[in-house]
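Protein sequences, first through last, are from chains V, D and P.
The first sequence begins at 1 in this note's numbering and counts up by one.
The second sequence begins at 161 in this note's numbering and counts up by one.
The third sequence begins at 277 in this note's numbering and counts up by one.
No false leads were mixed into what you were given.
Okay, the calculated beta carbon distance ranges per label pair:
{"id": "1", "chain 1": "P", "residue 1": "G427", "chain 2": "D", "residue 2": "E218", "range": "31 to 37 Å"}
{"id": "2", "chain 1": "D", "residue 1": "Y224", "chain 2": "P", "residue 2": "Y423", "range": "29 to 35 Å"}
{"id": "3", "chain 1": "V", "residue 1": "S76", "chain 2": "D", "residue 2": "R273", "range": "41 to 47 Å"}
{"id": "4", "chain 1": "D", "residue 1": "R273", "chain 2": "V", "residue 2": "L30", "range": "51 to 57 Å"}
{"id": "5", "chain 1": "V", "residue 1": "S76", "chain 2": "D", "residue 2": "I165", "range": "43 to 49 Å"}
{"id": "6", "chain 1": "P", "residue 1": "D424", "chain 2": "D", "residue 2": "R273", "range": "39 to 45 Å"}
Keeping only pairs whose Cα atoms sit at most 30 Å apart, straight-line, the calculated DSS-like set for lysine-lysine is:
{"id": "7", "chain 1": "D", "residue 1": "K228", "chain 2": "V", "residue 2": "K102"}
{"id": "8", "chain 1": "P", "residue 1": "K399", "chain 2": "D", "residue 2": "K208"}
{"id": "9", "chain 1": "V", "residue 1": "K72", "chain 2": "V", "residue 2": "K11"}
{"id": "10", "chain 1": "V", "residue 1": "K102", "chain 2": "P", "residue 2": "K399"}
{"id": "11", "chain 1": "D", "residue 1": "K228", "chain 2": "P", "residue 2": "K399"}
{"id": "12", "chain 1": "V", "residue 1": "K59", "chain 2": "V", "residue 2": "K11"}
{"id": "13", "chain 1": "V", "residue 1": "K59", "chain 2": "V", "residue 2": "K72"}
{"id": "14", "chain 1": "D", "residue 1": "K208", "chain 2": "D", "residue 2": "K228"}
Derived by calculation from the structure, the hints in this document are not laboratory data.
Every residue gets a Cβ at the ideal spot worked out from N, C-alpha and C, and that includes glycine.
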Amino acid sequence: MNNKGMSEIVKGIARIVFPFILLYGLSLILYGHITPGGGFSGGVVLTGGFVLLLLAFGKDYVFRILPVDIAKALDSAGALGFLAIALLGFLCGSFFYNLLPKGYIFHLWSAGTIILSNIMIGLKIASGLFVAIAVLSMARLIHTKEGIKYKQSRKTEEDQ
Amino acid sequence: MIVYILVALMFFTGLYGIIAKKNIIKIIVGINIVGYASNLLFILLGYKWEGIAPILTEDIPINYFVEKAVDPLPQALVLTSIVIDLAFVAFLAALAIRLFERYGTFDMDKIRRLKG
Amino acid sequence: MTLNLPLLVVLMLLMTGGCVISITARSLTSSVVSMGTAGLILSILFLLLGAPDIAIVQVFVEIVALIVLLSTIRRETRADMSSSGLYGVLTLLIFALFLFVFMFHGNEIVRPFGQPVITMGAKYLASPALLNAPNAVTATVLDFRGYDTLGEATIIFTAIAGVIVLLRIKGRKDE
Numbered sequence: 001m002n003n004k005g006m007s008e009i010v011k012g013i014a015r016i017v018f019p020f021i022l023l024y025g026l027s028l029i030l031y032g033h034i035t036p037g038g039g040f041s042g043g044v045v046l047t048g049g050f051v052l053l054l055l056a057f058g059k060d061y062v063f064r065i066l067p068v069d070i071a072k073a074l075d076s077a078g079a080l081g082f083l084a085i086a087l088l089g090f091l092c093g094s095f096f097y098n099l100l101p102k103g104y105i106f107h108l109w110s111a112g113t114i115i116l117s118n119i120m121i122g123l124k125i126a127s128g129l130f131v132a133i134a135v136l137s138m139a140r141l142i143h144t145k146e147g148i149k150y151k152q153s154r155k156t157e158e159d160q
Numbered sequence: 161m162i163v164y165i166l167v168a169l170m171f172f173t174g175l176y177g178i179i180a181k182k183n184i185i186k187i188i189v190g191i192n193i194v195g196y197a198s199n200l201l202f203i204l205l206g207y208k209w210e211g212i213a214p215i216l217t218e219d220i221p222i223n224y225f226v227e228k229a230v231d232p233l234p235q236a237l238v239l240t241s242i243v244i245d246l247a248f249v250a251f252l253a254a255l256a257i258r259l260f261e262r263y264g265t266f267d268m269d270k271i272r273r274l275k276g
Numbered sequence: 277m278t279l280n281l282p283l284l285v286v287l288m289l290l291m292t293g294g295c296v297i298s299i300t301a302r303s304l305t306s307s308v309v310s311m312g313t314a315g316l317i318l319s320i321l322f323l324l325l326g327a328p329d330i331a332i333v334q335v336f337v338e339i340v341a342l343i344v345l346l347s348t349i350r351r352e353t354r355a356d357m358s359s360s361g362l363y364g365v366l367t368l369l370i371f372a373l374f375l376f377v378f379m380f381h382g383n384e385i386v387r388p389f390g391q392p393v394i395t396m397g398a399k400y401l402a403s404p405a406l407l408n409a410p411n412a413v414t415a416t417v418l419d420f421r422g423y424d425t426l427g428e429a430t431i432i433f434t435a436i437a438g439v440i441v442l443l444r445i446k447g448r449k450d451e
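Isolated chain V (complex conformation):
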């Protein structure tokens, strides 16, 4: 287990940098309506952090932090949450109506439903892209007697 992934230097730097990438992504999502950023940028940054862990530590370590099944559930939850915020607008008349109080400009809790939508979109993008890359990384081609075969790498490790 210890010799998986890259060298010790890469692992150490990834361990130091990963919390800061998460923090940057979360701040991009939360302050998306005040400064440059938003759900799309923050979600992609969070995915980038998990891809760094995937490259540095190997698959098993990352799947212990964020299992693929939970990421799939978060993906669906983000999409449904965004739809729910859109449907909430019907309480005041129309789809995507911004019904929450607008607050004061340049404050964090302002602009009504935009901040909630940002959080939902960020959740959806981050977990969805993580699922896609995790599934791609699990696909491994191995050489057998019949030719090239495809196998999920976790199963091959258990077989060995």
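Chain V is fixed; fit chains D and P onto it per the hints.
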């Protein structure tokens, strides 16, 4: 005008990669380049000379902001289009992995010659 | 940082060079990497053209896409030895004709660079006063044009479901 000609050159480069190249990875790269060119065209069409980013800061008066800021609509469209491109690249990579598993090559000519 | 036309043209020429190399290179690795350089120059262009949101997204998307494509290339297929032949020459000729026509008649299609007519955007630029959201791009994406974003979320969801379905193990008939 020269800006738009360069964008058209980029677009045709990517389209040439899609049409004339036989390697699947090259086709994916071509699709990506077509995406770059169209995203850049959108942003160039919305740019205003000496324009500022459409994000208000506390030291800019609102009248100056409305007069000077570039068009936010193309930026909103491109923002989502870029992320869709990434998901699409992941999808195409999955397709390429499946084809490689089945035929052992990325070359479309060889795949066509082999019997599926 | 101010933008002037020579700087813009130089950056776009570099980007076009990256695109041309990535299409013509024999080695697949160098092809993918030069596509990555083109994408990073594109993010600088976005920053100069007044779109910092998109510049952030482009940098990170480019890096993740590069990782995905590089991990797809296998050891057995590092090089692209196929030739396009007559078909490729014909395609090039047709594209050159298109470009030639666009060069002389493009002025009638597009407005001169830097002088757009902002019609809908002017309404969206009022979002700081209307919604108390200083970032007009986020306000456009999530409030004024929520329908578009919902559709795009659906497309991403479908693409990811496609990846999962293509690479599944259980329930495949041929195994």
